[in-house]
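Protein chains in written order, with the working numbering: chain A, 15 to 414; chain B, 15 to 414.
Where hints are given, some of them may not hold.
As the list claims (entries may be wrong) - Straight-line Cα separation of at most 30 Å, DSSO-like style, residue types lysine-lysine; simulated pairs: (1) A:Lys280 with B:Lys254; (2) A:Lys146 with B:Lys379; (3) B:Lys50 with A:Lys254.
As the list claims (entries may be wrong) - From chain B, some residues computed to sit far from chain A (all C-beta separations above 10 Å): (4) Arg60; (5) Gln118; (6) Ala136; (7) Glu186; (8) Ile222; (9) Gly245; (10) Ser311.
Calculated directly from the structure, the hints in this document are not laboratory data. Cβ coordinates follow ideal geometry from the N, Cα and C atoms, glycine included.
2 protein chains.
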Amino acid sequence: MAARKKAPAGPPRGRAGKAAKKAPVAAGDVQARNRKLDGSTVDLIRKTASGVHDEIRAHKKPDLAFPVRSLKNVSYSQNTGYFEMGRHKKVRTLTVNTVKSFAQTLRMMGLSKELVESNDFATKRDAYYQSKNWEEARFDDQTESDTVMDDIEALFSVQGLSREQLRFVPDEHGGAVAGRLVVLDPDRETGEVERIDCTRFGSGAYSIPSSVEQLSFETDAKFILAIETGGVFQRLQSHKFWQTANCILVSMAGVPTRATRRFIRKLSDECRLPVYAFVDCDPYGISNIYRTLKVGSGNAAHLSQFFCVPQTRYLGVTPQDILDYRLPTHPLQDVDVKRARDALKNDPFFKVHKPWQVAIDQLLKMGVRAEQQALAKWGLNYVIDEYLPAKLANPSQFLP
Amino acid sequence: MAARKKAPAGPPRGRAGKAAKKAPVAAGDVQARNRKLDGSTVDLIRKTASGVHDEIRAHKKPDLAFPVRSLKNVSYSQNTGYFEMGRHKKVRTLTVNTVKSFAQTLRMMGLSKELVESNDFATKRDAYYQSKNWEEARFDDQTESDTVMDDIEALFSVQGLSREQLRFVPDEHGGAVAGRLVVLDPDRETGEVERIDCTRFGSGAYSIPSSVEQLSFETDAKFILAIETGGVFQRLQSHKFWQTANCILVSMAGVPTRATRRFIRKLSDECRLPVYAFVDCDPYGISNIYRTLKVGSGNAAHLSQFFCVPQTRYLGVTPQDILDYRLPTHPLQDVDVKRARDALKNDPFFKVHKPWQVAIDQLLKMGVRAEQQALAKWGLNYVIDEYLPAKLANPSQFLP
């Protein structure tokens, strides 16, 4: 039962051994592009600040206009493939009442400028504590500094700059990576490039850093497999599934963090690799994990252009898999049913894709859900020997 | 403000560059020891099953005695340094009423034997789904199979075998590691040893696998720094603090997982390295994160002998640091006060260590808590340039 059932079949086998070289975007190009982006970031901050300064000197009232960050200001573009922010803006004018938040916004931009210039970074929490030395402009609560940072991020996103380019990085852990990939990471101070070969970590893996903008890649893999659970990732990694299937494995560990999403997006874009998602068949796996990975989330649409991975397709577990593979199931809870109905009724993504409406309807009618590890009913390595090879033989069948 | 204040001072500087070799326990020895343990595991399972079989054939009623897993059956031993399980047992006798759980227990042991023999592994969830093919012995709910697995684990822990040696591995993600360390990991199938140099991950890190029993280490580091937050870990890693301070950094990301705790324990034991914990100064950081890392937790005392790290000492942030470094604070919430009072009154660990009683009393009197990132008030890299060097100059001052 624990033993394998038969020899692996399915997708073409990759060459065994080390990840071979293929560098669609060279490390030097990435560094040059990042230096250019850093220049634009500093220019934009300087321009914004000068504008305010000039207005004040001219005895006018300066203002700053930020895109509205809310579901009402979001649309789903089939063209770009992700949630996009609309044109609504909120204008903050310098008055007696707004002087503190106005000053805080400018100091926060100033911090970003310093960080870019010193090639350093700060988390949201770091930025909050930094402000404790800003005297009257200090924040009393981290929710206040988070809001200001989100506003600045939204403002600069209109110019194509992400929060990471402003050097504000997430506090959260990145996902784990293994497989046919070499990550190139230039040293912060010397610029010397470290080559990180993701075929060489034994049963362990490469842990994605908080910010991935400086990375470039070499790979001959055919696709990226984004996996929901640590358990399935560890199984595929320990059994070197990436070697057999010639791919790159990424563990999302639930809803993927910003760093994980950005990493997958950048890797997929720069190496032109398809991304396949392998998650639990339940409304959470479909409408939270998969939907967030692919098109972003409604209340953070200003992030989508950088963080979502519109080229992702849904390998499984599908509602039809539950029948085809006679998987053990759990009944859908009320919260699952509500989440599925919400997706059908209100989610711009699912409303556009007919195959998803059919699949979610099918799940609701069956009234059950199944975890990806349910495949272990047929043997612990059934997922490696049977399920994934069968699926990977027909990527055109994947849900959109 | 974001720039460094002055040159690093404090602990002796390590040699720059790659982690040098020092292999207190050679990879071959670890493999030989693991093969021996595998032999004992299979023998024990066989002996237990034969005992039951013989009783049945002699028309007697077989029974299995499991250690009681509860706080009432736990003591804190200053000698070993961790929570220990007492001698209370619950006896499960084969009767008409217990036949199903009796059979499930034996099948679960059988699964473990198969896993050891095929050098494979299963998570709790895998094991649950495997049982779906055990006909009448299948589990209806994962809580049932988890309980049986915990019982078996407790039973074998008395013989010095951990759950990982039974090949049951956690589903959860391991922590991230960077610094002066080479991890040696033999391939599951070929036994060929992969050398993983944790100085070579750029801004990323080494992600600890679910099971670490097969690993061995080479290092010339002077200590292990176990860090609560991903943000501080990323700062220390990006600025290569491990090079300046000659150490190994481990990100716990909150309460450390089993794999992370076991990794630190094994690394510290085999390389005789002190472990210093760097966490938030609040009752959660002290009594949940630090206490769990050091002595284990009350309701899982059967794990302590494998998972706790009794040699850990508390570097900071201490209540006294809040005063000495004039840190920004948050008021203690009711839940914090309750947790701190519980620790003083009921926790066998804190009841034994007077310096902790003084420190927790001080925190309660001050009525505030401080996060480790609060040091960013004095500059983002103050933690690297001032705080840690000052602390590391006097490890004898660390809390026990």
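Any hints from earlier that this structure breaks? Give me their numbers in increasing order, please.
Result: hints 6, 7, 8, 9 break, sorted rising.
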